[in-house]
Amino acid sequence: MPDVARQHDGARQPLIEARGLHRWYGSGRSLLARRPPLRAVDGVDLVVYPGEIVGLIGESGCGKSTLGRLLVRLEAPTAGTIAFAGRDITHLRGRRLRALRRQIQVIFQNPFETFDPRYRLRQALYDPLRIHGLPDAERRIAEVMERAGLPVDRYLDRYPRELSGGQLQRAAIARAMLVEPRFVVADEPVSMLDVSVRAEVLNFLLDLRAQRQTAFLFITHDLALARHVCDRIAVMYLGRIVEEGPAELLTSAPRHPYTRALLASVPDPDAGTAASPALRGEPPSPAALGTGCRFAGRCPLASEACRRVEPVLEPAAPGHRVACHFPWEEQRTP
Amino acid sequence: MTRDLAAPEAGGRPPAAAEPVLEIRGLRVSYDAPTGRVQAVAGLDLVLRPGDSVGLVGESGSGKSTVALAVMGLLPAGGRVDAGQVRLLGRDLTTLPEHELRAVRWRQAAMVFQKAMSAFSPVHRLADHFVDVWRAHRPERGRRARSLALERARVLLEAVGLRPDALWAYPHTLSGGMLQRALIALALVHQPRLLILDEATTALDVVTQAQVLSEVARLQREFDLTTLVISHDIGVVAALCRRVAVLYAGHLVEEGPVQQVLEAPRHPYTAALVRAFPRLRGPRRRLESIPGTLPDLTRPPQGCVFADRCPRAAGACREGPPPVEHSGGRMVRCRFPLGGDAGA
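Residue numbers (our numbering), protein chains in the order written: chain L, 82 to 415; chain C, 352 to 695.
So that you can see chain C by itself, here it is in the shape it has in the complex (with noise of 0.2 Å):
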């Protein structure tokens, strides 16, 4: 182990030593473009333990769904991995051909996508869902595969607050908010290690957003599941992970204990996408954007990718790429960061 991002003091984590869930190195994914190749992921580190609920934060463009997919190696055509390691565990998923990788969803890493509708296929019932899922990585056949599947179905649907009935419904008969937690069952018919939400709630209601937050921050302690949550939303992250890593232009910029990071931000981009966004509480103000748009993705700057918009940067920002700091749990890659003088 080079180094560890688990933040010693981050309650009930397992001790460092345990082998990692997902242990992604120095992952770089590009996509074609008529441009040139889009660097999507640029060197991107990230370690989860068992147990673990890590959300990674950014904005649109950030590449945080390319991070999900290229663990799942769901990749659209005209991406592809250009170096690094995703070990799922243990296991490096990069080099793996395509029928050995089918083997791993499901029944290692299951993912969740926003749009639950899309997901599931009009014409067939939830039921028939699950037991195509349960079929595809099981040796039952039959009646007998038919009535294993839906036995676990009911203990699913049930856990995450639906009747079992819902088995027999139709997909567009069911709300978005029924939709999503029926999809967040079928995810776990495996008993997946690794649980992927890509902005899974985003779609909902804010209502219906809070049932579904809590029963998931549930299902993360019953399954024991460790969970990889892709949001733009800080406060999802808030309700779901222990740890928070923020993207910007496919790097990492800070990683650290969620309230640490959102309370503290140290690197200048996490401090304005905290700054920007509103709160319930507090005084009413001004909202503040970060002014500039996302880099050229083709030609990545030489330097610091957020220099450009960022209110702290020097000449040297713009030279090379800026040292990555580890203290406390916490990783910031920044030549400037904040709260550094106070020695935080």
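Chain L on its own, in the form it takes in the complex (with noise of 0.2 Å):
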């Protein structure tokens, strides 16, 4: 897993590359006054390599879902371009953007949503393949039910109602890869899941990407797991990533105080009482963002600086990206 993350020096063409990327909500005016926009979307670089499995980390509100829905185009972004294979598809439309859904496939958290609760599996699964006008249906179809662990002759007749969550997610990571994409955004795709079942969702999803050097987009608010199944990991914070780096480095020797933040959050059981909680107050509206770093408001190191001059991203070490002006490491004490 981790030497997809050291080719990346090298040529290897991304399979996506967001520049720039901007969505804004509710830009102009309302009836009564003029509001500022939302900016659930402010200016991100992101690229993921073919075979690659990228985590988007973040609290609720942080942009990470709607980024992830401007890279399958199902918003529009405000400004910024997208390329897949090298080919800018911000503004595909018609035929071409259709062609496209076959190469980018997502998933997202709730399952029982995903399937329409009137049609049998074997309905929801023939369907992508006829509008895609791919051959050899029941082979397809049989093929990757098995790898999902639901083999045909037991569930292809099934309901969604008929089966447990986790299968079901199971079935619907299985009909997002029967066309087989290059590209996949899962948006939490096991949050909703008992932990006694996430794993097979996730290895199934893992071995996948083995077989097949599908990408990943790995969307979750859960950065235990997503230490464990991605390569890199990306933390967003109010529209825009602040950190980014190997799944590894970034959460044993996270740079930024927000990911620091929020590792120290995370309910550790090996620990054994509540810690004392890293951060004060809560983030506030990406509709009422003010001059410099998002995050000096919360930070317990921001200085007068942070305030008047937004960050960018910058690299810290080989691989690793760090959008702060006191990053870890270079404080002396902690």
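One should not assume that every hint holds.
[Stated by the list, open to error] Covered stretches of chain L (in silico footprint by chain C; criterion: 3 or more residues with CB under 8 Å from a CB of chain C, positions within the stretch not fixed): (1) 129-138; (2) 345-354.
[As the list claims (entries may be wrong)] Away from chain L, derived, C-beta distances all over 10 Å, residues of chain C: (3) Ala384; (4) Ser498; (5) Glu550; (6) Thr649.
None of these hints come from the bench; they were simulated from the model.
Even glycine gets a Cβ: it sits at the ideal position worked out from N, Cα and C.
Using the hints, build the complex out of the two chains.
This is how it looks when you write it as structure tokens:
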């Protein structure tokens, strides 16, 4: 797994490359007053290489799901570009966009909302193949369902409600993988599932990556989970990526004070007491951003400079970037 | 006292002789289902002494929320207590009529649920909720009731890290974390002896959860609370509890001091659950699942409920209920517990 991350500096071509991506909502005026837009995604550069699993971490409202929706072209960016395999797809429409949908798939959190409760799995699985005009439907479905641990003779004629959450989520992944996409956005794919079945869903996903070199953007709020699943992790705060690096490095030696706070907040089964909270307060509204670093208001290290000048993502170590005027390690004392 | 599950070595524990705050004995609860009755809780024993904090962990369908609802007398239609006792401060709640149960709720036992947003009325300010709860159990009326209630509310809001002027806010203007805090404050209005937290921080972001957990840990000390924490997250239980009880398919399979159980689980299910939980430290590894599914609880198996998913199961496990072993403040319900040979 980690070797994928190491190859980046070479000449490999990114599969997905987002540059200066913005998505603002409600810009302009409301009925009564001019209101500032809600800046859900506010200047994101992100690259995903073939066969790579990139974790996108952040709290509710940080813009991580919006970013995922932009990358699969479910929403159009306010500004910025998205390239897929070197080709600009920011403004694709019509037939070309439909063709792209075969290459880029998405998996959502709740499998019971993914499937139409009125149709058996058979129908739900045949549809994408028919839409994309792919031959050998029987064989493809049997193959991918077998790998999902849902043999067709037992599961194909079932309705969604006749499967458990874990089984249905594996069926959702199976359906997404049927058309052999090269890039998949998985938005909190296991957060509704019991701990005991999460692994079977995630390992299914990891096996597919190993076999087909599928790349994933894995959106989650769970850092411990991301550490075990992802090659690289990007941490998002109020519409921007504040730190990005190899999963192991980012979780063992985080540089951004926000990443450090996130890590310190995860309840540790081995610690045995409630940690003292790493941060006070809650993030400000993404509709009320001032100048300077957007984390400055909650940051224990913030100085005057932080409130004036917004830091940009800069290399801190090979493959590790951080947007902070005072990244950790440069501090003498913790 | 027939037996005592309290760990003598856990620091600061009151003497075992102290009258339990909550004593559950042989509790059986079932629900109506189209295919028969579902045995949700199958003979549960659990004792919480004053100042105790016990985490009840288990997955969906394990029966952990049913236990909480049975304690509060809040089982939904179709659910009923088939056998056993739930003694709160010595009084069996399973036989109390509804009007007497009402006197118990809020005053002796209070419960905080997961979804704070649906616990508050959207058209009333927080202040009105505090006044309502106050009046329900106090003799004062009119302005006097209101001013006493608000006085208490201000103290409690500060105790959970909210500003007293949150009283004048409507629920929809507050964040999820603030609402969850307000709900905890509301539960403490009448100084209950027992506080039940049912996935009370599950819907919160990790940073907010850490804030609320540390506040609850402080409240446990300051208000001398006895707490039952229901969670699927062993990290949350480790943060708030001294003891943990592991529930599987309606049966307690293991119980003991949190750190001991998590570090050296004795029941194969506990061991699998702990392994499935991803950690921030230690080696990165392929995550492990627990193959299989819960047994059909309309026809509970004759033998051990975990046998079908258990790597250690043998023929004997399927024939009859597993033996219960008590030692060193720990309980395990298993024929072949882990660490048994070493004399644990």
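**Message:** Going through the numbered hints above, which ones does this structure break? Give me the numbers in ascending order.
**Reply:** 1
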